[in-house]
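Q: Those protein sequences? They're chains A and B, same order as listed. The numbering used here applies: residue 1 is where the first sequence begins, and numbers increase by one. The numbering used here applies: residue 1 is where the second sequence begins, and numbers increase by one.
Some hints here could point you the wrong way.
In the PhoX-like style, the derived pairs of lysine-lysine whose C-alpha atoms are separated by at most 20 Å in a straight line are [claimed, not checked]: (1) Lys199(A) x Lys384(B); (2) Lys258(B) x Lys384(B); (3) Lys199(A) x Lys366(B); (4) Lys115(B) x Lys101(B); (5) Lys101(B) x Lys199(A); (6) Lys190(A) x Lys96(A); (7) Lys141(B) x Lys292(A); (8) Lys369(B) x Lys228(B).
Don't read these hints as lab results, they were simulated from the structure. Every value quoted in this text rests on a predicted model; they were computed, and no experiment measured them.
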Amino acid sequence: MKKNSFKAWLYLLPALIFLGVFMLYPLIDVLIYSVEEGYNSASQTSFGIGSYNFSYVLHDPYFMQALQNTFLLVIITVPLSTGLALLISLGLTSIKKLRNLFQTIYFLPYVTNTLAVGLVFMILFKKTAYSDGLVNALISIFGGQSVDFIDGPYWAKMFVLCLYTIWIVLPFKILILTSALASVNEMYYKAARVDGTSKFRTFTRITLPMISPMIFYLVITGFIGAFKAYSDSVALFGTDLNAAGMNTIVGYIYDMLYGDSGGYPSYASAAAIILFVIVLTITVINLMISRKNVHY
Amino acid sequence: MKIRLENLTKKFQNRGKKGGADVVAVDNFNFEIPDGKLIGLLGPSGCGKSTALNLISGLETPTSGRIFFDDEDVTDVAVENRGVGLVFQNYALYPHLTVLKNIMFPLENLKGAKKLPRERMIDKAYEAARLVQIEELMDRKPSELSGGQQQRVAIARALVKRPRVLLLDEPLSNLDARLRLQTREEIRRIQRETGITTIFVTHDQEEAMSISDLIVVMKSGKIQQIDKPQNVYDDPKNLFVAKFLGTPAINVFVGSVKHGRIFIGDDAVMQIKGVENTAIYAGIRPEGFIPDDNGGLKCLLKGVEVMGRDTSILSSHYAQEGELIRSIVESEEAFSITALDDMIDKIIDPVHSRSDKLNEVRFSVKPKKLFIFDRETEERIYYKTV
């Protein structure tokens with residue numbers, strides 16, 4: 001018995017070493033950084049332990065901006081992208097001809113580079129001295145005022161960011177949901193038909209509960225993904241996100257470490273810990289809700 | 001509720017190679033199911049019996065032909081308005097709903113004037129549950145039930161709306177042998193108690209024989225015979241029906257009718273009248289053999305299986321179709337013949353003994369158990385004994 005458990009540990013050792021060095025140690029280190037006040041990275045010294053770093057971060061208007069942006073992004077894109085993906089998946093499963101073609105088309109954004117998509121979005125939305133961009137051209141045709149979506153008002157920038165994020169995450173969700181829909185046994189639909197169930201009730205009472213584990217999975221990963229958003233913002237608005245007012249929490253952490261105003265690992269760590277707590281809280285809430293509503 | 005099918009046909013388009021023929025799953029069905037009976041739709045897999053059931057339920061629309069419930073033409077009536085209850089082979093219970101909610105589900109779908117208050121729905125659900133004896137399981141999820149219990153829930157769900165017709169698709173095939181016996185009695189009882197015209201599909205002839213009032217035997221989309229179970233067995237219309245019903249299966253021989261005598265190979269087994277000289281298949285039920293040292297059918301003894309009251313004698317004949325001839329006779333009778341008496345001690349491995357010493361065993365044949373079929377059409381040829 002003892003020998004066996006020794007062997008087990010031996011086999012687990014490589015993985016444990018990697019996890020320890022690259023996951024556990026940095027995690028603890030971040031926690032330590034975040035509470036060390038006045039840390040100097042050159043001399044590796046600090047004044048002592050305290051909550052000043054957190055208080056600084058929470059009073060930093062850039063962080064509050066990043067926090068607001070991130071929350072908006074999460075609240076808008078997660079429900080919208082999941083709902084949209086569900087609608088598109090339902091459409092895809094109900095067509096017969098050219099289904100594979102459409103499935104491929106809808107999956108294309110997933111294999112496209114984030115920055116390339118960002119570039120396309122910029123061309124579509126950006127207003128330059130020479131051109132208004134395609135979207136603004138369309139708006140003018142319908143008699144609207146042209147808006148600078150990239151350097152203009154906050155709501156316009158937020159709109160583009162959300163649109164971009166939804167566009168990026170949609171294919172994966174469609175992929176998951178189409179296969180979830182396809183895995184619902186045909187006989188349940190037949191049974192529902194015999195029982196005289198309306199289309200809507202079939203969807204809400206049979207289809208949705210049957211695919212609820214997958215929807216739940218998408219919501220959880222969607223939340224986590226959106227909270228960790230950064231590259232999307234960079235792809236659209238460039239690296240100086242604070243100036244654009246479109247920073248995200250992860251972006252703020254990056255800036256605190258390596259940005260032009262960077263070199264503050266303590267503040268970055270504090271922000272990272274705050275992000276961690278937020279994601280943890282949201283996930284726990286998600287799990288609690290799901291226990292009631294998800295059927296396995 | 002009488003059910004009448006008129007020229008009912010269902011074709012499926014060939015999806016394989018181009019130019020392939022369409023599959024005719026149900027080919028020109030014409031029959032009437034009397035009110036309040038239990039009907040077994042029997043046939044090998046792929047013969048179209050489930051399609052026939054789906055046509056009656058309304059899940060499939062026929063290519064041509066009409067379906068009547070009493071005198072009402074329901075061919076174009078949507079499935080939910082036909083008033084049928086359908087029990088699926090895998091029960092199709094909604095896994096996320098409790099037993100109670102599963103049974104209530106059809107009632108909750110009712111709209112307008114038919115809609116019941118919730119208490120009435122629950123009452124009705126319990127009523128149906130009592131009928132199939134599952135009242136104590138109402139709060140469980142389907143995954144917490146045994147196969148037999150799930151089956152009962154499925155039946156309760158089909159019955160809760162008081163359907164005019166109850167349809168069961170292979171209701172017993174997912175149950176183990178013991179439960180199957182129990183459940184088929186249960187289905188019989190529920191059908192008797194409710195008096196609902198019931199059709200069930202099965203490929204198990206024993207199942208069909210044991211509980212049906214009428215059996216419809218099908219093969220490749222065509223009806224072979226419709227009759228009471230005993231009649232289907234005693235009076236098969238063609239070779240397929242004769243082969244399909246009965247365990248052990250009927251023994252089939254290549255033979256002929258010559259000058260008023262039935263020949264199996266060169267053995268004259270029976271004198272008959274009213275049949276011209278022709279090539280035939282002869283089918284003899286296992287219980288149709290009489291061990292007789294002077295009998296006309298000369299077989300080679302291959303083995304003996306003693307089963308107490310009965311003995312089954314395994315033998316072979318050069319004109320037989322299939323592996324062995326199996327005849328079941330009363331044990332006393334069996335050991336009256338010389339060959340068997342000599343053999344019985346010497347056989348070590350009864351079935352597989354390939355002793356060089358050929359032991360002849362002779363039988364005479366009971367006329368009622370010997371059927372002859374036209375070699376070409378495989379249709380039954382009726383004869384009179386002399």
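Q: Now tell me if each hint is right for this structure.
A: Outcome of the hint check:
1. Our distance criterion of 20 Å between C-alpha atoms is broken by Lys199(A) and Lys384(B), whose separation comes to about 62 Å.
2. Restraint check for Lys258(B) and Lys384(B): the C-alpha separation of about 14 Å stays at or below 20 Å, so the hint holds.
3. Among the hinted pairs, Lys199(A) with Lys366(B) is inconsistent with the structure: their alpha-carbon atoms are about 61 Å apart, more than 20 Å.
4. Proposed proximity of Lys115(B) and Lys101(B) is supported: the alpha carbons are some 16 Å apart, at most 20 Å.
5. Under the criterion of a C-alpha separation no larger than 20 Å, the hint pairing Lys101(B) with Lys199(A) is consistent with the structure, at around 19 Å.
6. Of the pairs offered as hints, the one joining Lys190(A) and Lys96(A) holds, with about 19 Å between alpha carbons and a cut-off of 20 Å not exceeded.
7. As the CA atoms of Lys141(B) and Lys292(A) are separated by approximately 15 Å, the hinted pair is consistent with the 20 Å bound.
8. At roughly 17 Å between alpha-carbon atoms, Lys369(B) and Lys228(B) fall within 20 Å of each other, so this suggested pair holds.
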